[in-house]
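If you want the building blocks of each chain, they are given just below.
Protein chains: 4
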Amino acid sequence: MKNKLGVHAQVWVGGWSHEEAARAIASTAAIGYDYIEAPALDPSLIDIDFTRRELEKSGLGITTSLGLDDSCDISSGDAGKKARGEAHLMQVVKTTRDLGGTHITGILYSGFQKYFTAATPEGVAGAVEVLQRVAEEAAKSNITLGLEVVNRYETNVINTAAQGVELCKRVGMANVKVHLDCYHMNIEEADAERAIIDTGDYLGYFHTGESHRGYLGTGSIDFTKIFRGLVKANYQGPICFESFSSAVAGEPLTGILGIWRNLWTDSTDLCRHAMEFTQAQMHAAQQAQAINTRVDW
Amino acid sequence: MKNKLGVHAQVWVGGWSHEEAARAIASTAAIGYDYIEAPALDPSLIDIDFTRRELEKSGLGITTSLGLDDSCDISSGDAGKKARGEAHLMQVVKTTRDLGGTHITGILYSGFQKYFTAATPEGVAGAVEVLQRVAEEAAKSNITLGLEVVNRYETNVINTAAQGVELCKRVGMANVKVHLDCYHMNIEEADAERAIIDTGDYLGYFHTGESHRGYLGTGSIDFTKIFRGLVKANYQGPICFESFSSAVAGEPLTGILGIWRNLWTDSTDLCRHAMEFTQAQMHAAQQAQAINTRVDW
Amino acid sequence: MKNKLGVHAQVWVGGWSHEEAARAIASTAAIGYDYIEAPALDPSLIDIDFTRRELEKSGLGITTSLGLDDSCDISSGDAGKKARGEAHLMQVVKTTRDLGGTHITGILYSGFQKYFTAATPEGVAGAVEVLQRVAEEAAKSNITLGLEVVNRYETNVINTAAQGVELCKRVGMANVKVHLDCYHMNIEEADAERAIIDTGDYLGYFHTGESHRGYLGTGSIDFTKIFRGLVKANYQGPICFESFSSAVAGEPLTGILGIWRNLWTDSTDLCRHAMEFTQAQMHAAQQAQAINTRVDW
Amino acid sequence: MKNKLGVHAQVWVGGWSHEEAARAIASTAAIGYDYIEAPALDPSLIDIDFTRRELEKSGLGITTSLGLDDSCDISSGDAGKKARGEAHLMQVVKTTRDLGGTHITGILYSGFQKYFTAATPEGVAGAVEVLQRVAEEAAKSNITLGLEVVNRYETNVINTAAQGVELCKRVGMANVKVHLDCYHMNIEEADAERAIIDTGDYLGYFHTGESHRGYLGTGSIDFTKIFRGLVKANYQGPICFESFSSAVAGEPLTGILGIWRNLWTDSTDLCRHAMEFTQAQMHAAQQAQAINTRVDW
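Residue numbers (full-length UniProt numbering), protein chains in the order written: chain A, 1 to 297; chain B, 1 to 297; chain C, 1 to 297; chain D, 1 to 297.
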């Protein structure tokens with residue numbers, strides 16, 4: 001298995017104080033993950049030097065993720081929001097670069113919110129332009145942008161993998177990829193396995209997550225299909241485990257995501273299980289792909 | 001199969017003008033459904049006499065459904081909102097009674113919206129009080145209230161069947177039941193089949209719906225488990241098919257629900273399929289329950 | 001849905017007396033099936049003229065199926081068995097032609113039995129030669145041969161779809177196709193949906209059947225995947241429902257298949273359900289394939 | 001997780017020479033399993049002292065398993081076969097006792113073969129008598145008998161868990177339990193999870209195995225349901241992983257089981273994966289059971 005495995009920081013902490021950053025990084029590394037995904041909704045909250053030193057101490061990689069707030073909605077068609085969104089994304093690129101990060105993912109293309117009307121051609125065209133400039137800047141630091149396909153309650157722009165591929169094509173930059181998340185796919189895709197395969201080389205980032213955002217394997221997602229899809233698509237990129245419980249309160253993320261339930265309290269057990277579950281499923285999917293149906297006659 | 005089968009009116013129409021009401025009712029009856037579920041977010045939009053005559057013409061039954069808007073949020077702890085919510089619910093009881101309806105279901109206990117903070121004990125206690133009075137009024141017309149368990153993006157009060165049962169117990173009225181919907185269960189339940197069984201006699205209304213709200217059988221829901229759960233729970237109540245496509249635009253419902261995709265255009269084919277799919281699955285579930293494992297030795 | 005739908009005669013009768021033939025044919029037609037699959041383990045038991053008249057009366061088509069017994073095992077490498085097997089298959093071709101049949105399917109390439117050692121290259125090569133001559137004869141009457149892929153307990157030659165395709169390729173005749181059966185696939189395939197798709201144009205016949213051979217939808221088979229596979233493979237050929245219960249005793253078939261349990265007694269309900277279940281699943285699979293993921297921006 | 005985990009010896013070796021026994025035991029222990037299940041179709045082939053020393057060296061436990069051959073078929077109603085079968089089983093009890101074994105499992109109640117007619121009341125009654133005497137003898141050494149429920153091709157007596165419970169009841173001895181195997185359940189049960197739960201306290205031994213008998217997670221079995229069933233049944237007994245590939249040739253077992261395909265060659269990878277897969281699934285099932293649906297209002 002060549003995929004880098006990571007966890008979202010909010011399995012450990014709700015913020016990014018020195019204590020939180022140090023704890024999240026050390027805990028992630030202790031289990032054996034390759035990297036941590038740090039929320040960067042407000043990149044100014046990240047002490048770059050401190051974080052970088054903690055990462056180096058643990059030998060851990062980093063990616064950042066965010067969703068734009070309404071005032072920065074680059075898909076809105078509003079010039080002011082577009083300008084603010086572009087500035088915000090450029091700031092995240094700078095922060096991620098300084099952290100030594102490899103990917104910026106999430107809802108980079110619209111507000112991270114419940115919309116009440118559909119996206120418009122003009123709005124999305126505006127987002128595409130902004131993303132082209134942000135991607136150009138990111139490319140200078142070898143950073144990949146992952147446009148996360150999320151469910152209908154979190155954006156009105158890309159809810160399916162096919163829509164994500166279309167948006168990537170419009171942006172048309174080699175470092176802009178589709179970011180799929182099986183939590184969202186469980187809601188929006190007709191066939192998650194097929195969607196992963198069809199995304200193919202556009203797939204640049206993957207989130208594992210259960211249907212209710214708790215422990216992997218405790219909800220309604222058919223993970224056999226998810227991992228077979230990843231193997232059939234020959235996906236070699238990062239796989240990040242994401243889970244949210246009201247036990248780790250991190251505003252505004254928890255409120256936006258509607259995390260009302262205490263689905264777990266023991267972060268270490270949660271993340272160790274996620275790694276073991278992921279490895280066992282990935283190995284099974286690889287063996288299923290390679291299974292012998294040869295005849296000996 | 002003794003369950004009454006219905007469809008939600010928005011598979012046909014986005015509003016309730018005379019033309020729309022007549023068409024929705026006639027179309028529902030033509031396929032062979034037993035009843036129609038009419039949205040009653042604003043009951044004043046329903047011409048009761050006209051609707052009743054159309055129902056009688058077709059021999060169709062009716063139920064109503066709604067979610068409270070923020071100004072009527074009886075779980076808010078705000079006295080004004082509680083009073084408005086109670087008045088609104090009383091109005092829906094009156095309308096439903098006059099229509100000859102049997103059930104009022106939906107998000108009767110809170111706002112039908114994306115919350116940003118968790119529900120509070122005081123807020124829910126207020127909702128319980130209101131529901132007791134509304135249920136008392138509904139009972140006079142043999143109307144059952146179905147408290148719909150919905151996903152985290154549509155309420156912060158009851159996201160799981162177990163929570164729905166708890167709310168029913170707090171209300172403590174014989175005509176207040178849990179309304180489960182497999183679209184929402186797919187997001188929130190660890191095990192939808194088990195949740196249906198555990199709800200047991202508290203289950204009073206059921207929505208079928210696919211994971212992306214399109215045709216049954218075209219998404220990620222394991223309907224074998226859903227229908228086996230209903231059979232094991234010995235559920236004899238109404239089963240209503242719910243589906244939404246941007247092809248039938250009905251505000252504000254479509255906007256609240258985030259219906260951005262055109263998942264179908266042929267309502268008749270959609271609803272005929274839903275009936276056939278439901279009957280085939282229900283029959284299979286009943287046969288699976290009855291299967292012979294006897295020994296003849 | 002363009003696929004012809006059929007049922008295996010043993011859902012109705014254990015033999016093929018005039019009474020049995022007439023009843024099986026009339027019952028199949030009454031439900032609306034397109035054809036009946038008649039067992040032809042011993043074709044001499046079929047009164048061709050009588051059967052043909054009954055078929056015409058009902059407007060029903062016919063296919064035949066069989067497995068070779070040990071004395072006719074053309075994969076055995078034994079010259080006598082090969083000769084007897086070839087004669088037997090030629091007799092079945094003649095019978096099927098005279099009945100107006102379109103397909104001969106089943107274990108046409110080996111014994112229909114529990115083997116104790118693996119198939120040999122020489123044995124299979126012998127079977128290939130025989131099948132080429134039989135297929136040539138069948139082609140004269142536009143009859144397709146379906147080589148049924150069955151589980152390890154019923155043959156040692158082809159247990160997976162990939163092996164079935166390989167055997168077809170060795171025979172190399174346009175009217176020799178793979179016959180898949182999801183009952184057997186449930187035991188042998190890593191991924192039944194994928195296997196159906198990969199069989200592609202080699203697929204010439206399909207058996208639906210539940211994991212325990214009872215009612216469709218009452219066992220462990222994931223029919224969503226089966227029907228999506230058929231749609232993705234663009235399969236337009238016959239689909240025959242097969243089910244066995246000790247309630248219909250037909251030797252030697254029941255003994256060979258190990259039908260010890262009374263899984264159903266009401267053949268009409270069983271077959272009507274199979275048709276409704278099949279149509280509902282097929283329609284869902286077609287809609288899932290066609291689902292709209294387009295963007296409107 | 002309190003269940004003892006084991007593997008069937010034929011994942012490593014086809015026989016039980018000193019070299020084979022030593023290798024199988026050492027390899028099993030090296031991965032971290034608690035015990036090995038040794039085939040005892042012919043207990044005279046087991047060098048008891050040697051095996052016991054190797055087990056002690058590795059700190060490994062042992063169980064034995066077998067199916068009776070036709071000449072020893074205690075369900076046949078034939079006095080000679082019954083006597084031979086009883087003697088054979090008594091010999092296995094003695095061998096297992098001397099090995100320090102805790103369980104004897106498998107097809108202890110009938111021939112381990114493809115039958116052609118159904119079991120008879122007289123035959124099974126005879127088997128029950130024999131099993132009572134064998135169980136009495138086994139009880140003296142604290143050995144549990146596990147009556148393995150297998151598919152229709154391997155016995156005609158117990159194909160479902162419910163039938164297994166019935167046979168246990170007829171034997172009526174505290175140390176006679178049902179042995180379930182999900183490979184067989186995939187063929188015979190309507191609902192494997194339900195069957196495990198319903199077996200309840202009668203469940204005394206469990207085999208994990210994939211639908212085609214290869215790597216766990218590479219076939220058609222829904223292991224989420226299997227492990228949730230074990231957790232819901234509060235099963236605390238042994239769980240043994242069973243897998244067969246033609247790469248490890250062990251007659252007569254391979255021939256009886258129809259192992260025609262080379263499904264794996266790397267036994268160590270196979271068994272390490274089985275352990276990791278089992279632990280990950282079991283942990284997920286336990287967490288799913290314990291999931292919080294409490295309300296905080």
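What the hints contain is simulated information worked out from the structure, not anything from laboratory work. Keep in mind it's a predicted model, so treat the numbers as computed, not measured. Treat the hints with caution; some may be incorrect.
The list cannot tell twin chains apart, which means a pair is met if one copy fits it or any two copies do.
Straight-line distance between alpha carbons at most 35 Å, and here's what the computed DSBU-like set of lysine-lysine pairs gives [unchecked claim]: (1) K82 - K57; (2) K232 - K169; (3) K169 - K57; (4) K140 - K232; (5) K114 - K57.
Hint check against the structure, violated hint numbers in rising order: Hints 1, 3, 5 are the ones this structure does not satisfy, whereas the remaining hints hold.
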